[in-house]
Structure formats: C-alpha cells, structure tokens
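**Q** Chain order of the listed sequences is A and B.
Those letters in the first sequence? Residues 1 to 546, by full-length UniProt numbering.
Those letters in the second sequence? Residues 1 to 374, by full-length UniProt numbering.
Some hints here could point you the wrong way.
[Said to hold, decoys possible] To give a feel for the contact side, a few chain B residues facing chain A, derived at Cβ under 8 angstroms:
| id | residue |
| --- | --- |
| 1 | Asp70 |
| 2 | Arg236 |
| 3 | Glu267 |
| 4 | Lys374 |
[Claimed, not checked] A few chain A residues that don't get close to chain B, going by computed Cβ distances all over 12 angstroms:
| id | residue |
| --- | --- |
| 5 | Asp130 |
| 6 | Pro282 |
| 7 | Thr336 |
| 8 | Gly455 |
Hints are computed from structural coordinates only; laboratory data are not their basis.
All values reported here derive from a predicted model rather than from experimental measurement.
C-beta atoms are modelled at their ideal positions from N, C-alpha and C, and glycine is treated no differently.
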Amino acid sequence: MPFFKSPSAAALGWGSGAAGFVILLLLPLSFLLYRMIQPAGENWAHIQEYLLLGYTIDTLTLAVIVGILSIALGTTLAWLVSAYSFPFRNTLKWALLMPLAIPPYIGGYAYHGMVNYTGFVQRTLRNTFDIEVSQRYFDIMNIPGAVFIFTIFLYPYVYAITRAFFARQATTLIENARVLGSGPVRTFFRIVLPVSRAAIVGGVTLVMLEVLNDYGLVSYFGVQTFSTAIFQTWYALDDLDSAIRLAGILMGLVLVFLVLEKVFRGRRQYSYSSAKVSPLKPRELEGWKKWSTLGFCGTVLLLGFILPMVQLLYWGMLTYEAVFSAQFVSLVRNSTLASGISSLLVVVFAVIVANFTRIVPGWLSTITARFTVLGYSIPGAVIAVGVLSFFIYIEQRLQFFYAFSGISSGLVLSTSLVMLIFAYVIRFMAVGYNSIESGFEKVGRRYSEASRTLGMGWLQTFFKVDLPMIRAAVFSGFILVFVDILKELPLTLILRPFNFETLATTAYRYASDERIQETAVPSLAIILVSGAAMYIFHIFIEKEPN
Amino acid sequence: MKRKPRLLTVLLPAASLLALAACGSDNGSEDSGSGENNTEQNSAEEENAENDQAGSEGGEVNLYTSRHYDTDEALYEQFTEETGIEVNVVSGEDDELIQRMEREGEATEGDVFITADAGRLYRAKEADLLQPTDSEVLNENIPENYRDPDNEWFGLTKRARIFVYDPERVDESDLSTYEALTDEEWEDRILIRASENIYNQSLMASFIEIKGEEEAREWAEGIVNNMARDPQGGDRDQALGVASGEGDVAIMNSYYFGQMLNSSEEEEVNAAENLEVFFPNQEEEGTHINISGAGVTQHGPNSEEAVQFIEFLSGEEAQDDFSEANYEYPVNPDVEPSELLQSWGDFEEQDINLTILGENNAQAQMLMNEVGWK
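Construct all of the structure, not just a fragment, from the sequences and the given hints.
**A** Below, the structure is given as structure tokens:
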C-alpha cells in the first residue's frame with residue numbers, strides 16, 4: 001500500500017484534491033440517508049398501503065422490459081453494421097447513434113403528437129385513405145408506450161458500446177468462427193453474444209439507469225414511477241420525509257441493478273487470440289438480405305430519429321414566431337452557462353481524481369474512483385432532495401457568518417446557481433471521469449515518472465507532460481457532460497434559481513400546459529446541440545487508431 | 001491485470017454512507033434572514049422601486065406564476081405601458097412555487113403569487129405566504145364568493161368542469177349530473193384524467209364538502225368502474241378520446257375545450273367542432289367551478305405595485321382579454337364572457353366556499369388513491 005508507506009508530494013497533492021471532492025460529493029447523500037432513518041412522514045402509511053406496490057411494479061416493469069428490448073435492438077444493429085456490408089452502411093454507423101440526441105421526454109411529446117387522434121398518422125389514414133382505425137391501437141400514454149419510447153431513444157447506449165467492442169476486440173474470434181464454417185446465426189449467438197457480454201451489460205445498465213432517472217416522459221405519460229412519486233409526495237402532499245423514503249427505496253433498486261451488473265458481467269475474460277488487433281472485415285450482403293438489412297436499420301432510424309424530427313420541425317414552423325423571441329436567447333444563454341460551468345468543473349475534478357488513482361494505485365484509489373462515479377447511478381430526483389436539504393442545513397449554519405460579515409442577511413447559496421451546478425457535478429461526474437480515466441490509461445505512468453526523475457516538480461509535470469497528452473480525452477469528456485446536462489430535467493426543475501429557465505425546463509413547461517406544439521423550438525435546440533456533439537464525437541472516436 | 005473484488009467496491013460506498021449518516025446532525029426547519037436580493041435582477045430598477053411611490057412611474061413587480069399563457073404576457077406588457085412598472089416573471093408549477101416561497105421565507109423576491117387553482121391559493125395562505133389586501137377596486141371588481149374571506153387572495157378567472165360529448169352517440173337528454181355518470185349505462189364510456197391532476201382533486205374536494213366523505217368515495221369508485229380506459233393524457237386528450245370514439249363523455253375544463261376550438265392544428269379544431277358542451281348538475285347544486293387567482297405575498301419587496309397589478313388584472317380590459325383570448329370566464333360581473341363561451345350557454349355554479357377546495361385537497365387525493373383512481 002504505497003499511499004501509507006511513503007506519501008510523495010504528488011500523492012499527497014492529488015490525494016487531498018481527490019479526498020476533498022469525494023467528501024463534498026458524499027455530504028448531501030449522507031444527509032439523505034440520515035433523514036431516511038427518521039420517523040416517517042404523515043402520509044407514509046397511506047402511500048405504503050395504496051401506492052407503493054404500484055410504483056414498484058411500474059418502475060421495475062419499465063426498467064426491465066426496456067433493458068431487454070434495448071439489448072435485442074442494440075446488439076442486433078451493432079452486429080449488422082459491424083459484420084456486414086450493405087448500402088449506406090457507413091452513414092448508418094453513426095446515424096444509428098442519433099436517437100440518443102433526442103431525450104426520451106421530447107421523443108414522447110413528438111410521438112404523442114404523431115399518433116393521437118388528430119396526429120399525422122390517424123389524420124392521414126382518415127382523410128387520405130378514408131380508413132378508421134380504432135384509436136385504442138395508437139394510445140401511447142401508457143406503460144407499453146413508454147417502453148417503446150425509452151427503447152427507441154436509448155438503445156444507442158447498447159449499440160455504441162457493443163459496436164466498439166465488436167470492432168476492436170472480438171475480431172479474431174469472429175473471423176476464426178467464420179473460417180471454421182460457423183453460420184451467421186450460430187456465430188452471433190454462440191460467439192458474439194457471449195464474448196461481448198460485459199460490453200452489453202455495461203450498455204444496458206446505462207439504459208436502465210436512464211429509465212430510473214427519467215421524470216419528463218413518465219410525468220407526461222402519467223406513468224407512476226418512483227420519480228413522479230417523489231415529486232408528487234414532496235410538492236403536492238408537501239411531505240418531504242415521505243419523498244425521502246421513496247428516494248431511498250429507489251436507491252435500493254438502483255443498488256440491486258448495480259450488483260446484478262457485476263454478477264452478469266462475469267469474471268470470464270476473453271484474451272485476444274493474436275497480438276494484432278484489426279478491425280472486423282465486413283461481409284458483402286447480396287440480394288434480399290442486403291435490402292432487408294438496410295430496411296431494418298432504416299426503419300429503426302426512421303422511428304428513432306427521422307419521424308420525431310419531422311414532427312418537431314412541423315410544430316416548430318407553426319409556432320416559432322411566438323416562441324422565438326428575446327426570451328429564447330436567454331434560454332439558450334442559461335442552458336449553455338449552466339452546462340458550460342458544470343462541465344468545466346466536472347472535467348477539473350475528474351482530472352484530479354483520475355490522476356490520483358493513476359499515481360497511487362491500490363484499494364484506496366479504487367474506492368475513490370467508485371465514489372466518484374456513484375452519482376451517475378443516483379436518479380436526479382434523489383440527488384435533488386439530498387442537495388437541497390444539505391444546502392438549507394449549511395445556510396442555516398451560515399446565517400451568523402452572513403450577518404457578521406455583512407454579505408447578506410438571507411439566503412445566498414440555496415437561491416443561486418451554485419446549488420444547481422453542485423448537483424450537476426455530482427450527477428454527471430462519472431461521464432467525465434470515465435473519459436479522462438481512459439485517457440490516462442492509454443498514457444500510463446512512464447512519461448510522468450521520467451519527467452519527475454529528470455527533476456520536474458509534480459505540478460509542473462502534470463501541466464507540461466500529462467495534460468497535453470490527455471487533451472483529447474478531456475475534450476471528449478467535456479462534450480459528453482455538456483450534452484447530458486443540456487438535456488437534464490429533474491435536477492434542473494427542483495434546484496434552479498429564481499427566474500432561471502433553460503431549454504429543457506421550457507419544453508417541459510409547455511408540455512405540462514398542454515401546449516405541445518410550442519415545445520418544438522426549445523426541443524429542436526437541444527437536439528441540434530446534442531446531435532452535433534455526438535457527430536463530432538463519432539468522428540473523433542473513428543479517427544482514433546486504437 | 002490483477003482482478004479486484006469488484007462487488008466489494010460497489011458496496012463499500014454504500015456502507016460508509018450509512019456510517020456517515022449515523023453521525024449526521026439535525027436538519028431542522030427552514031428559516032432565513034430577510035430581504036436580500038440575490039438573483040439576476042436589474043439593480044438600478046430595484047433602487048427605483050424603493051424610491052418610487054405606488055402609482056407613479058417606474059418600479060417593478062415580481063410574479064411567481066403557474067399560468068403561462070400568451071394572454072397573460074400580453075397583459076403584463078400592457079400593465080408596464082400604463083404604469084411604467086416593470087413586470088418580472090418566474091414561472092413554474094404551483095406546488096413548486098409554494099415550496100420555493102416557503103424556502104425563501106423573508107428573502108423572497110416574489111411580490112405576487114398567481115395560480116390556476118383555488119386549492120393552491122388556500123395552501124399558500126395556510127403557509128403564511130400571503131398578506132391581506134385592502135383594496136376598494138378589488139372589492140368592487142371581484143364578487144365576494146371569488147375572494148378569500150380574509151382578502152389574502154382574489155379570483156381572477158373561472159373555469160367550469162364540464163362534460164364534452166359527441167351528439168351523434170349521446171343524446172343531450174341522457175346527461176344530467178356528475179353522479180349519474182356512475183350508473184351502469186355509462187360503463188366503459190367515461191373519459192377523465194388521472195387523480196394526480198389538481199382539477200380532479202378540486203372536483204373531488206367539492207364533493208366531499210357537498211355530499212360527505214362516504215358518498216364522494218362512492219362517486220369516485222363509480223367513475224373508476226365506468227372509465228373507458230385507464231386515465232391518460234391531459235384534459236385535451238379526454239376530448240380527443242370522445243372524438244376518436246374511445247369513450248362517450250369526457251369530464252374536462254371548459255377553457256381547454258376553448259383552446260382546442262382555436263388550436264393551431266386544424267385537425268384538432270375539426271375534431272372539437274363535432275363535440276358539444278354540457279353543464280352538469282344544473283338542477284342540483286350547480287357545475288363545479290375553479291378559479292385562477294392571485295395574492296400579494298407576505299414578504300415581497302414591492303407590495304404596493306403588487307396590489308396595483310392585481311387591480312389591473314381585475315379590471316374590465318384584462319378580464320375581457322382573459323375571456324376572449326384564453327377562454328376563461330371573467331369574475332368581474334361587469335364583463336360579459338366571450339362569444340364562444342356565451343354560445344355554450346349560461347350555467348349555475350356550484351355554490352361553495354372555494355377555500356374548501358384547499359381544505360379537502362389531501363383527503364380528496366387519498367380517497368381517489370383508495371378507490372384505485374390512477
């Protein structure tokens with residue numbers, strides 16, 4: 001355990017930075033746990049008797065079914081574009097990521113607009129083809145509808161991770177199987193799926209965490225999950241204690257999923273069968289196979305991106321004059337400001353913690369890393385409850401100081417952007433951290449050790465040697481976090497300061513006012529930025545040699 | 001690569017969180033100091049506000065509102081033009097705004113609280129967030145039954161919870177009361193949204209007052225039995241459900257129906273035009289109404305401007321706009337409802353103290369939960 005043996009200046013420096021961050025991260029969460037063991041709120045008995053079972057069943061149904069369907073869709077698509085060659089394959093490779101640019105809640109607005117009684121689908125059937133189809137088949141605001149929306153907009157998590165795995169790691173195994181005469185179906189089920197299990201499980205865990213975190217879609221569809229229940233008990237019943245209990249149960253569910261992830265990832269490792277890692281050579285598809293593959297991928301793209309975009313653009317044209325005003329500029333500014341500052345902080349903290357775990361490997365840094373990424377698995381509504389209680393507590397203790405120093409005699413932190421940014425950093429740390437950690441992994445320790453040996457100080461080494469080498473990872477981490485925050489809803493709704501609207505909260509507000517057409521312009525702005533960021537990111541990844 | 005005990009590293013954080021929690025300390029009530037402005041306001045304007053007397057040029061008023069309509073925004077602009085008082089708007093959900101005001105306490109920036117439900121006005125009053133206002137203008141413009149008994153809030157517009165039906169499938173003579181919709185003949189024919197919706201809670205709260213808890217529960221149970229589908233969507237979706245034939249009678253707010261008839265989607269207008277409005281319980285205690293209203297906040301910095309602002313909204317011009325452009329019934333007796341609203345006919349209103357809607361809210365929600373109203 002090197003940390004205790006001889007703490008070098010570098011280890012101490014990076015270690016205290018990392019420790020400071022971890023403590024800051026844990027404080028609000030410990031508040032939550034502390035309040036959870038307090039006596040229950042007045043409504044708890046009622047919630048337990050009449051509602052809890054429903055919340056649990058709906059939440060689990062959503063998460064599990066969406067998980068299964070995302071695996072099916074994500075791995076199939078990843079396999080098709082990796083192993084076969086067909087028209088538009090290179091375009092589809094990145095285009096199939098695009099549904100991820102549409103947050104599920106916005107996808108839900110668009111789909112409800114498309115398939116409701118006066119929507120495009122029924123209207124065309126009725127007015128153009130004179131066909132009356134019962135609206136019952138098109139009702140989407142229910143659990144099956146929510147499952148569809150989540151799957152079609154979140155499968156890219158599984159797709160992206162498994163495709164990257166197929167392309168780099170599974171090549172030799174797959175090619176050997178092919179050479180030995182294994183058919184495509186057999187290869188897929190006997191070789192591809194088992195070896196990429198860890199990648200698939202990693203992807204699907206992200207999908208399920210997103211489902212548990214979602215508030216926008218389930219509240220619009222009226223599906224009763226823990227997220228909506230937390231909001232409702234807290235706001236409508238005015239019962240924070242019961243809301244905290246619900247948050248606690250939701251955290252319990254998340255922990256179960258995370259433990260299951262570890263179990264399902266398994267311990268089996270598949271090593272490369274040769275030292276050379278080369279990309280998989282796609283097989284040319286012929287005849288009907290070619291067209292049906294293209295048709296399948298095209299349909300997914302149509303459902304997951306093109307159709308909702310057309311609907312939003314149509315609404316955008318109907319309403320842009322009303323929405324596109326001076327206020328819109330301030331929405332864009334607020335969104336970029338909050339996302340920008342938070343992403344920057346995430347990147348800085350991530351570099352500190354990742355550098356610490358690199359310099360001082362061992363159990364201590366493993367735990368630090370675990371804590372750092374903890375926030376991503378905690379649903380936004382839960383973090384919001386924790387952060388808010390924490391800030392109120394702090395601020396009460398600070399009253400004396402405020403009065404003494406004459407800064408103010410009221411609330412400073414909990415009515416400012418600080419609270420929201422703090423929560424964003426906790427929630428999205430993992431996204432930045434993973435990117436930067438992988439950057440450090442590629443660089444290793446040799447260069448910085450050489451630099452230290454040659455007499456450079458630890459800070460100097462970091463800025464002159466390490467940082468320039470992980471520049472790309474830092475940049476991609478920043479982009480990923482930025483996009484995630486731009487789309488974020490529950491935290492922003494609860495913690496935003498006075499008079500602070502973002503693109504996401506505006507879209508949400510229009511939707512809850514039943515003015516669905518007006519959601520289009522802010523929604524399109526979010527999608528545009530996310531889409532552009534994801535495209536840049538794709539180019540970036542593809543160019544990277546390994 | 002050395003394998004690490006992965007599971008352990010997941011569980012460890014959780015365990016130490018618990019340990020930390022054990023030495024956590026008390027997190028008591030949320031109080032605060034007073035009067036600090038800390039948001040992005042124009043500070044020059046704020047100084048103006050302090051120097052100016054009510055009624056003169058300049059000054060500002062900060063709204064916390066859960067009404068986000070274009071009509072309202074146009075009225076704010078008009079108010080600024082007439083008085084020179086800037087209107088700053090914070091919009092949010094009503095419960096969220098109440099929470100926020102409670103948290104901010106004396107430090108709040110909000111001068112006026114505006115919401116679209118009497119129950120929420122009551123809740124704000126109960127939480128000591130509003131202050132009584134003594135205004136001749138308001139007393140004159142707003143009839144007593146649309147005001148808080150202590151003049152802490154004032155109704156500005158009315159909405160009725162009406163039936164919407166398709167005259168081809170339902171004969172008007174078959175419709176009578178909210179209660180009648182629980183009869184067997186309406187099985188699988190009723191459309192109404194989820195119980196978490198405030199308008200349904202207020203409807204239920206009024207029944208608890210009028211019929212008592214037991215009968216109100218039976219009513220809710222009867223409605224659940226006769227629902228054409230699990231509750232889904234908003235009020236407009238209920239009317240669309242009638243248009244599509246999924247159900248025959250929708251219980252919804254009058255103003256949403258006005259919005260549909262004036263939608264920017266042509267097809268929605270077509271669908272709504274085939275439907276009719278019915279005011280239930282005309283022979284009995286009247287159709288359930290709810291109000292949108294406003295109150296001056298307890299701790300807001302610009303109370304005088306706030307009163308002026310509410311007076312403006314109760315005036316004939318504003319009331320007319322609410323009715324014409326937002327399809328709400330005016331509270332000011334001197335103002336006629338818009339032509340569209342008049343075309344639906346006059347109706348008797350449920351005559352209860354609107355404060356009841358707030359008092360019975362929690363009970364209403366719980367009763368609906370108990371009978372399985374999603």
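**Q** Look at each hint and say if it fits the structure.
**A** Each hint, compared with the structure:
Interface hint status for Asp70 of chain B: upheld, as the beta-carbon distance to the closest one in chain A is roughly 7 angstroms, under 8 angstroms. The criterion of a C-beta within 8 angstroms of any C-beta in chain A is met by Arg236 of chain B, whose closest approach is roughly 5 angstroms, and the hint holds. Because the closest C-beta pair between Glu267 of chain B and chain A is about 4 angstroms apart, less than 8 angstroms, the hint holds. Interface restraint check: Lys374 of chain B against chain A, minimum CB-CB distance 7 angstroms, threshold 8 angstroms, status holds.
Look at Asp130 of chain A: its CB is around 15 angstroms from the nearest CB on chain B, clear of 12 angstroms, so calling it non-interface holds up. Even its closest Cβ contact with chain B, about 31 angstroms, leaves Pro282 of chain A beyond 12 angstroms, as expected for a residue assigned away from the interface. A cut-off of 12 angstroms between C-beta atoms confirms that Thr336 of chain A is not in contact with chain B; the least separation is 15 angstroms. Every Cβ of chain B is farther than 12 angstroms from the Cβ of Gly455 of chain A; the closest lies at roughly 32 angstroms, confirming the non-interface assignment.
Checked against the numbered hints above, the structure breaks none of them.
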